[in-house]
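So the sequence lines, in the order shown, correspond to chains A, B and C.
Going by the working numbering, the residue at position 39 of the first sequence is 39; the numbering climbs one at a time, nothing skipped.
Going by the working numbering, the residue at position 233 of the second sequence is 419; the numbering climbs one at a time, nothing skipped.
Going by the working numbering, the residue at position 31 of the third sequence is 522; the numbering climbs one at a time, nothing skipped.
Note that these hints are calculated values from the structure, not bench results.
On a predicted model such as this, the values are computed, not experimentally measured, just so you know.
Incorrect hints may appear among the rest.
Unchecked claim - One side only, chain C facing chain A, incomplete, derived with CB under 10 Å:
| # | residue |
| --- | --- |
| 1 | Gln495 |
| 2 | Val500 |
| 3 | Ala501 |
| 4 | Tyr510 |
| 5 | Gly511 |
| 6 | Gln516 |
| 7 | Met520 |
| 8 | Phe539 |
| 9 | Trp540 |
| 10 | Thr543 |
| 11 | Gly546 |
| 12 | Gln551 |
| 13 | Ile555 |
| 14 | Val572 |
| 15 | Val573 |
| 16 | Arg577 |
Unchecked claim - Pairwise CB distance ranges, derived in the manner of DEER restraints:
| # | chain 1 | residue 1 | chain 2 | residue 2 | range |
| --- | --- | --- | --- | --- | --- |
| 17 | C | Arg578 | B | Arg239 | 54 to 60 Å |
| 18 | A | Ala6 | B | Asp281 | 20 to 26 Å |
| 19 | B | Leu234 | A | Leu10 | 46 to 52 Å |
| 20 | A | Val113 | B | Leu480 | 47 to 53 Å |
| 21 | A | Pro129 | B | Leu190 | 30 to 36 Å |
| 22 | A | Leu150 | B | Thr230 | 46 to 52 Å |
| 23 | B | Leu234 | A | Asp26 | 34 to 40 Å |
| 24 | C | Val575 | A | Met139 | 35 to 41 Å |
| 25 | B | Glu246 | A | Glu143 | 50 to 56 Å |
| 26 | A | Met86 | C | Arg578 | 22 to 28 Å |
| 27 | C | Val575 | B | Pro363 | 42 to 48 Å |
| 28 | B | Leu480 | A | Met139 | 21 to 27 Å |
C-beta: ideal position from N, C-alpha, C; glycine also.
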Amino acid sequence: MSWADAIFWLLAATALLAGWRVFRTDSMVRASFFLLASFIAVGAIMLMLGAAYLGFATIFMMAVEMMVMALFMVMFMMNPAGLNPMSMVHQHGLAIVAGLVTFAGLGAFALSVDLPSRPLPAGAEVTAPLGRELLGPSMLVFESAGVTLLATMICAVVLSSRSGRFGPSDAGSVPPSIDPTAQEKS
Amino acid sequence: MSPLGALGVTLGVLVAGVVLVGLLDALARLVLGPVPLETPDRLTLEGLRGAVRRQSLTTEHPDLAAWRLAPAAYLGLAAAGLALVPVAADRAAVDVEAGIVVWGAVESLTVIAVFLHGWSSNSLLPLLGAYRFVAIGLSVMLVSMFVLIGAALPAESLRLTAIVESQRGLWNAVRQPLGLPLFLLLGLAITLRGPMDYADSADLAGGTSAEDSGAPRLAWQFARAAMLVAFATMAATVFLGGPLGPLLPGPVWLLLKAGFVAALLVALGRLLARPDASRMLTFIWVVLLPLSFLDLAIAGLETLR
Amino acid sequence: MTVQAILIVAAALIGLGVYGTLSQQSIVMLMMGLELIINGVLLATVGFWSLTAAGLPEGQLLAIVAMAVMAVEMAIGFALVVAVFRRREVDMTDRLGTMSH
Chain A
1 MSWADAIFWL LAATALLAGW RVFRTDSMVR ASFFLLASFI AVGAIMLMLG AAYLGFATIF
61 MMAVEMMVMA LFMVMFMMNP AGLNPMSMVH QHGLAIVAGL VTFAGLGAFA LSVDLPSRPL
121 PAGAEVTAPL GRELLGPSML VFESAGVTLL ATMICAVVLS SRSGRFGPSD AGSVPPSIDP
181 TAQEKS
Chain B
187 MSPLGALGVT LGVLVAGVVL VGLLDALARL VLGPVPLETP DRLTLEGLRG AVRRQSLTTE
247 HPDLAAWRLA PAAYLGLAAA GLALVPVAAD RAAVDVEAGI VVWGAVESLT VIAVFLHGWS
307 SNSLLPLLGA YRFVAIGLSV MLVSMFVLIG AALPAESLRL TAIVESQRGL WNAVRQPLGL
367 PLFLLLGLAI TLRGPMDYAD SADLAGGTSA EDSGAPRLAW QFARAAMLVA FATMAATVFL
427 GGPLGPLLPG PVWLLLKAGF VAALLVALGR LLARPDASRM LTFIWVVLLP LSFLDLAIAG
487 LETLR
Chain C
492 MTVQAILIVA AALIGLGVYG TLSQQSIVML MMGLELIING VLLATVGFWS LTAAGLPEGQ
552 LLAIVAMAVM AVEMAIGFAL VVAVFRRREV DMTDRLGTMS H
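So here's chain A without its partners, still in its complex pose (with noise of 0.2 Å):
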């Protein structure tokens, strides 16, 4: 085995096993770093083939999402420190079945599909070619994805706005005034 393939192996083992850790952790802001260690493996993995701007773009993107992610899970799990052993699962049987079937008929795929061997050329650029890529034949695909992202921006802002469908929900109110002795005006 060469270092190159222990390496990926390490980086694979890497990958699973955080993400395994994932969902067996007691402190949330671990499970997102843990989430966060699986992801900059996989980053490593692409870099390994060659992807250099997008293994990196990966970590970075990933690393970002992956700090929101710990934010929100402070707020909105009970036990984010992990101060207490928790286990919040339900149809835990079913899960496990469908996660071993997923992966049984995705390996079978794999495994037995007869898929062609064009390797990457050795030393060619791959970040001129996908700007021009991106730019030139798929500008349309690029294009609806930035307008994706603005209309998610747009979405999520109205969705987490205090402001219900009546207008704000607390319009009309004043705040009190500074003196205390000051008459009520109806």
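Given chain A's structure and the hints, the job is docking chains B and C onto it.
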């Protein structure tokens, strides 16, 4: 140069740079007076002695693995950032095709390192420092990425050696005037200094470092200074032309420019006031982000001509 | 590092993600499972691109689309969690019964 040699040189430059940063801080204290309410054990000889003599205390139920990991991660990221920088016009310790994106990854992982440092001590003031810093750090990181893309446009490449090469005629700081000031603000943020020091500030009694003591405290301060070294060389490379310049050899020019940026950051850290966190957040999103778009537009128009 | 090995690892990540999505009660943990699934898809895409498609640029484009899907899913997911929590003070999938018949 062999990989081990490159690693050795990088770490050597890092340690020398940290010593220089300590001297700059001492000079700032001499010229501008001591920092009000500053906790002791900053990066001085006294701090070193303190770190060796004092024990490192822990809090109740800390996340000890993350607490000890945070300064190591911070230092590792600083070393990674420094390794990207070209020391001669066509050579860098680590020359990747997408160098700017690697620096972006260094920035975002730094925010995570600071958050972990604040979260893991299971204490109130460090937690507040960590949360404030995440909000400000992620926002100012967006600003810096647009500014860096603007610097990459004339080079038509994300590779740092190409960006250095594209500045042979004119430095990026001159033809993209908004770039360097905005990038310096990011530098203040990731080195936790001055107006962007929402993580380790005196109004939180040391913030994420409030529960640090002994050797881990020194490690954190060392890592902060190391990140300043890495940032200064990166700013000198992307905006001031890096190793380019007449007469003197490349590495000397890079050191001079990086030293200038580091002195500038230390001065800005002492001279600018830190607004309230929510005001700074509004300022970043409403003023700085549009300015970074403007910088990108200027860079684009420049390149199209 | 053959394409089969990479696809096995990607399949394992997807299987792990499916387990996480189906088994977690909390909405944010469910989203972690979805992230793992897309992680596996991303790895498979880059594996195909590098080893069976000789670096065709559209392969990288598909990976970028997968990353955009991740970003969109997280943003909408968190916005929904916040909106649902504000209306009903629940953050677990079991208490959101109004859509089931």
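Practice prompt. Sort out which numbered hints this structure fails and list those numbers smallest first.
Written response: Going through the list in order, the structure violates hint 19 alone and respects the others.
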